[in-house]
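K.L.:
According to my numbering, the sequence shown is numbered sequentially starting from 3.
Among the hints, erroneous ones may be present.
The following label-pair restraints were derived from C-beta to C-beta distances [claimed, not checked]: (1) V148 <-> R389: 16 to 26 Å; (2) L57 <-> K262: 45 to 55 Å; (3) N331 <-> K306: 36 to 46 Å; (4) L57 <-> P377: 22 to 32 Å; (5) C50 <-> Y295: 43 to 53 Å; (6) V58 <-> T265: 25 to 35 Å; (7) V285 <-> L227: 16 to 26 Å; (8) S64 <-> G207: 20 to 30 Å; (9) P53 <-> N331: 18 to 28 Å; (10) P384 <-> L226: 19 to 29 Å; (11) V285 <-> P377: 34 to 44 Å.
Straight-line C-alpha distance at most 30 Å; calculated BS3-like pairs for lysine-lysine [unchecked claim]: (12) K382 <-> K98; (13) K335 <-> K98; (14) K247 <-> K359; (15) K382 <-> K335; (16) K221 <-> K262; (17) K354 <-> K308; (18) K49 <-> K219; (19) K354 <-> K335; (20) K98 <-> K262; (21) K253 <-> K335; (22) K382 <-> K343; (23) K359 <-> K314; (24) K309 <-> K359; (25) K359 <-> K253; (26) K309 <-> K335; (27) K382 <-> K49; (28) K262 <-> K199; (29) K306 <-> K354; (30) K335 <-> K247; (31) K98 <-> K343.
Honestly, the hints are just simulated from the structure, not real lab data.
Yeah, the Cβ is synthetic: ideal placement off N, Cα and C, and Gly gets one too.
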Amino acid sequence: MIRQDEQPQENKNTNPPPELPPLNLQSHSFSSLPDVIVENILARISKCNYPNLSLVSKRFLSLLSSPELYTTRSRIGTTEPCIYICMERFKDLGLKWYTLWTKHAHVETLTVDDAQEDNLPCNEYSLVPLPESNSLVPFMDRTNVVVGSDIYLFGVTSSEQPSSSVRILDCRSHMWRDGPSMLVARRCPYAVFLDEKIYVFDGCGEDDTWMEVLDMKTKTWSPLLRHRVAVLEEGWLNTVGLQGKIYLITKINYCAYDPKQGTWEVVEVHDNLGYLGKWCVSVIEDVMYSYSYYSDNLVWYDSKCKKWIDVKLSNFELLYKGRMVNILNHGGKLLVMWLYKFEEYDGIEVWKIRCAKIVVEKRHGNEVWGEIEWPVTEVKLPELSERFNSLVISI
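Using the sequences and the accompanying hints, generate a full structural model.
P.N.:
And the structure:
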């Protein structure tokens, strides 16, 4: 408190404060920090920024492609789901792999019922091409499985002949390498990853080992079944690993293989299974989801009632374009992808992929509801293509 007989002293020093010496930016830059510290910082940054960061310097490029960086991301819990897409080129039926670099967009819910399809909130992204393998990578996504940060491809060949070769794409460095060869030469076999093992079946002669398994710990193959299973004579639509079993969906039935018992069983016989999207099944929290051409809607499988049920989803009709659908588990959400043809302003036809994330949840009764996250993603393809498959890898 100031006494009445005292007056506050004025600051007689009217000169501006002395200027601080210029900051030595070099001493505070990344170039002066050890690799382990820079790596720890980069591991906390979203991967959508990595393409631009890799252009900063050769050191950044080296650190961003090092296995140690992704080990750190896994250890501190900053891994992100990344989308990999394989396109079949229209001009020569060749195959090309890409990765889709996504950004963290503002998420909102579409509430306007009369929204027009051409005015959907969308983000435009581009595909980043990956190095090509020295062998022809099979197109069918049934031959591809994700194990950690690797994509395994089976029956890789440069011709139409069966092959026992295995190719592996390291999604951290985007480099290809050879895997342990299968016991039997196969062409477009089916593959499922379950409980640290890869099960491969079909794609070979009747007298060969119809099914074999790769132990990921020992990196060795072992034969399982010598002959094709009789209940699987009809055309297959989907394969998936779920709750310790391998499920195969054909046009008329729904079968399960128990690796521990080595037995097959017919779980369901149904006349509408043929309407499910081919190679279009994803699992979230032990629930299978697919796309039904019968109802033009997403469906989920009720294991108690043993039937497929429509997902309660509004505004889904605004998204659907094209005839080919992929469904993936993208960090616990359904990622639905469509391939469709689009005519630009100059009349030139191009192909696009539309991607939408859908949050699904079980509600009262026996219902599963879905909510679309906006904006959706649209990707213009670099060349004409009529088929694609896609995978999600957390790195």
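K.L.:
None of the hints should be skipped; say for each whether it holds.
P.N.:
Outcome of the hint check:
1. At roughly 20 Å, the beta carbons of V148 and R389 sit within the given window of 16 to 26 Å.
2. Distance hint check: the CB atoms of L57 and K262 are about 51 Å apart, consistent with the given range 45 to 55 Å.
3. Between N331 and K306 the beta carbon distance is about 22 Å. The supplied range of 36 to 46 Å is therefore violated.
4. Under the hint 22 to 32 Å, the C-beta atoms of L57 and P377, about 27 Å apart, fit the expected range.
5. Under the hint 43 to 53 Å, the C-beta atoms of C50 and Y295, about 34 Å apart, miss the expected range.
6. Between V58 and T265 the beta carbon distance is about 56 Å. The supplied range of 25 to 35 Å is therefore violated.
7. The given range of 16 to 26 Å is respected by V285 and L227, whose C-beta atoms sit roughly 24 Å from each other.
8. The hint said 20 to 30 Å for the Cβ distance between S64 and G207, and at roughly 47 Å that hint is violated.
9. For the pair P53 and N331, the supplied restraint of 18 to 28 Å holds, since their beta-carbon distance comes to about 25 Å.
10. The supplied range of 19 to 29 Å is broken by P384 and L226, whose beta-carbon atoms lie about 41 Å from each other.
11. Against the hinted window of 34 to 44 Å, the Cβ-Cβ separation of V285 and P377 comes to about 26 Å, which falls outside the hint.
12. At roughly 15 Å between alpha-carbon atoms, K382 and K98 fall within 30 Å of each other, so this suggested pair holds.
13. With a CA separation close to 26 Å, the supplied pair K335 and K98 stays within the 30 Å bound.
14. This hinted pair checks out: K247 and K359 have alpha carbons roughly 27 Å apart, not beyond 30 Å.
15. A distance of roughly 23 Å separates the Cα atoms of K382 and K335; the hinted pair therefore holds under the 30 Å criterion.
16. Annotation: proposed proximity of K221 to K262 holds, straight-line Cα distance about 19 Å (limit 30 Å).
17. Our distance criterion of 30 Å between C-alpha atoms is broken by K354 and K308, whose separation comes to about 36 Å.
18. For the given pair, K49 sits about 29 Å from K219 by alpha-carbon distance, which is consistent with the 30 Å threshold.
19. Taking the CA atoms of K354 and K335, the gap is about 22 Å. The hint holds against a cut of 30 Å.
20. Between the alpha carbons of K98 and K262 the distance comes to roughly 38 Å, so the proposed pair goes past 30 Å and is violated.
21. The straight-line distance between the Cα atoms of K253 and K335 is roughly 27 Å, inside the 30 Å bound, and the hint therefore holds.
22. Distance hint between K382 and K343 is fulfilled; the C-alpha atoms sit about 10 Å from each other, no more than 30 Å.
23. At most 30 Å may separate the alpha-carbon atoms for a hinted pair to count; K359 and K314 meet this at roughly 15 Å.
24. For the given pair, K309 sits about 24 Å from K359 by alpha-carbon distance, which is consistent with the 30 Å threshold.
25. A hinted pair counts as satisfied when its Cα atoms are at most 30 Å apart, and K359 with K253 qualifies at roughly 28 Å.
26. This hinted pair checks out: K309 and K335 have alpha carbons roughly 22 Å apart, not beyond 30 Å.
27. Proximity of K382 to K49 is assessed by CA-CA distance (about 21 Å); at most 30 Å being required, the pair is judged to hold.
28. With a C-alpha separation of about 12 Å, the suggested pairing of K262 with K199 holds against the 30 Å cut-off.
29. Of the supplied pair hints, the one linking K306 and K354 is violated, its CA atoms being roughly 38 Å apart against a limit of 30 Å.
30. Distance hint between K335 and K247 is fulfilled; the C-alpha atoms sit about 22 Å from each other, no more than 30 Å.
31. A threshold of 30 Å between alpha carbons decides the hint, and for K98 with K343 the separation of about 19 Å falls inside it, so the pair holds.
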